[in-house]
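Novice: Just need the whole structure built from these sequences, with the hints factored in.
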Amino acid sequence: MQSIKPPKCYCILYPLLCRTCNWEDFMVHHSEERDRPSELMLEWVKNQPYWNQNHGSDHFLMLGRLTWAFRRKTDADSDWGTSFLRMPLMKNVLRLSIEKNPWDDLEVSVPYPTAFHPQFETEIKQWQDLVRSRNRSSHFCFVGAVRKKIKNDFREVLMNYCKNETGSCKIVDCSVTHCYDGAPAILEAFLDSDFCLQPKGDGFTRRSMFDCMMAGSIPVYFWEGSFKTQYEWHLPSPSEDYSVYMDHTEVRNDTNIIREVLDKFTKDDVKKMREILIDAMPKYLYARSNQGLGSSNDAFDIAIDEVLKRFKQQREQKQNLEEQEQMKNL
Numbered sequence: 001m002q003s004i005k006p007p008k009c010y011c012i013l014y015p016l017l018c019r020t021c022n023w024e025d026f027m028v029h030h031s032e033e034r035d036r037p038s039e040l041m042l043e044w045v046k047n048q049p050y051w052n053q054n055h056g057s058d059h060f061l062m063l064g065r066l067t068w069a070f071r072r073k074t075d076a077d078s079d080w081g082t083s084f085l086r087m088p089l090m091k092n093v094l095r096l097s098i099e100k101n102p103w104d105d106l107e108v109s110v111p112y113p114t115a116f117h118p119q120f121e122t123e124i125k126q127w128q129d130l131v132r133s134r135n136r137s138s139h140f141c142f143v144g145a146v147r148k149k150i151k152n153d154f155r156e157v158l159m160n161y162c163k164n165e166t167g168s169c170k171i172v173d174c175s176v177t178h179c180y181d182g183a184p185a186i187l188e189a190f191l192d193s194d195f196c197l198q199p200k201g202d203g204f205t206r207r208s209m210f211d212c213m214m215a216g217s218i219p220v221y222f223w224e225g226s227f228k229t230q231y232e233w234h235l236p237s238p239s240e241d242y243s244v245y246m247d248h249t250e251v252r253n254d255t256n257i258i259r260e261v262l263d264k265f266t267k268d269d270v271k272k273m274r275e276i277l278i279d280a281m282p283k284y285l286y287a288r289s290n291q292g293l294g295s296s297n298d299a300f301d302i303a304i305d306e307v308l309k310r311f312k313q314q315r316e317q318k319q320n321l322e323e324q325e326q327m328k329n330l
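Using full-length UniProt numbering, you'd call the opening residue of the sequence shown number 1 and step up by one each time.
Treat the hints as calculated values from the structure; they're not laboratory data.
Among the hints, erroneous ones may be present.
[As the list claims (entries may be wrong)] Heads up, simulated PhoX-like pairs for lysine-lysine below, C-alpha to C-alpha not over 20 Å straight-line:
| hint | residue 1 | residue 2 |
| --- | --- | --- |
| 1 | K328 | K125 |
| 2 | K200 | K148 |
| 3 | K91 | K318 |
| 4 | K309 | K283 |
| 5 | K200 | K151 |
[Said to hold, decoys possible] The calculated label-pair distances, taken between Cβ atoms and stated as ranges, are:
| hint | residue 1 | residue 2 | range |
| --- | --- | --- | --- |
| 6 | Y180 | I257 | 29 to 37 Å |
| 7 | E275 | K46 | 47 to 55 Å |
| 8 | E240 | P113 | 24 to 32 Å |
| 9 | Y180 | T266 | 34 to 42 Å |
| 10 | Y50 | K148 | 48 to 56 Å |
Values in this document were obtained by computation on a predicted structure and should not be read as measured data.
Glycine included, every Cβ here is placed at the ideal spot set by N, Cα and C.
Specialist: Rendered as structure tokens:
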């Protein structure tokens, strides 16, 4: 973390400058221009006195976008994003992101921020009580908008299915309703439903997953990448205890599978799954106060604690290896 005495720290947090993830810079046509802010930042980091001690292996940062936006594979101007995470100076740096690359051991996913940022622990408990006691009138819901530019958009499959299941499915069409941060229509849909259908977002995950869980609605995933290896620090394991998975290909072939699978869960099953989400709530929410949530660690606390733990173990392993080498040379 930032410190006036970095040698006494297990790790160093360095800033990801806004220009490295600014939307306008992502829209620049030439790939070299898109990479330039990242290169300038890394040049600055490399010249800091504590970088060369461990070549970045005791440094970490928080990415401002999905990891995929920083993984451009070629220098072709037509390729999306920047090559920030593929730059040589990033090969040892730990990255936190709202969606991790499952095949990168140096990345860890942290929860998307929701609209609910409790200031006190009592606010969390009041919300948990409300979610627990809520009378839910819908079996499941879908919140989203059809992406017309995407051929065979899976969201359209879910939207059309829900329109034919009006007795069971509650819809919030974000092409009609303003689905802004904390919109009442979204929250009401999740609070009123036992399950919430969660297709992919821009990546495999989407913020709606956490809005859904925060309201005690059980997420239904259609891609394994939406939940496998994601949010391991913040969500309970196994994921099957509080979520449902259906393969998107099977659902596309027969949408009736959705109702058939969800109908198999009894009221007691749903209650148990919801209780797991409620109990875990402080771990995937971000507190408004710098003081945290009293006896409960919020998502920020957990992320920092786990980063420190990881770097402490790393330093201890390095010291043990050095001691073993010294013993061999005696």
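Novice: For each hint, tell me whether it holds in the structure or not.
Specialist: Structure-based check of each hint:
This hinted pair does not check out: K328 and K125 have alpha carbons roughly 56 Å apart, beyond 20 Å. Restraint check for K200 and K148: the C-alpha separation of about 15 Å stays at or below 20 Å, so the hint holds. Note on K91 and K318: the hinted pairing holds, with a Cα-Cα distance of about 18 Å set against a maximum of 20 Å. Only pairs whose Cα atoms come within 20 Å are accepted, and K309 paired with K283 is accepted, the gap being roughly 17 Å.
A threshold of 20 Å between alpha carbons decides the hint, and for K200 with K151 the separation of about 15 Å falls inside it, so the pair holds. Hint check: Y180 to I257, Cβ distance near 32 Å, so the stated range 29 to 37 Å holds. Our hint of 47 to 55 Å for E275 and K46 holds, since their Cβ atoms are close to 49 Å apart. Taken as a hint, the range 24 to 32 Å holds for the pair E240 and P113, whose Cβ atoms sit roughly 26 Å apart.
At about 36 Å, the CB distance of Y180 to T266 agrees with the hint of 34 to 42 Å. Evaluation of the 48 to 56 Å hint for Y50 and K148 yields a pass: the beta carbon distance comes to about 50 Å.
Violated hint for the displayed structure: number 1, the only one.
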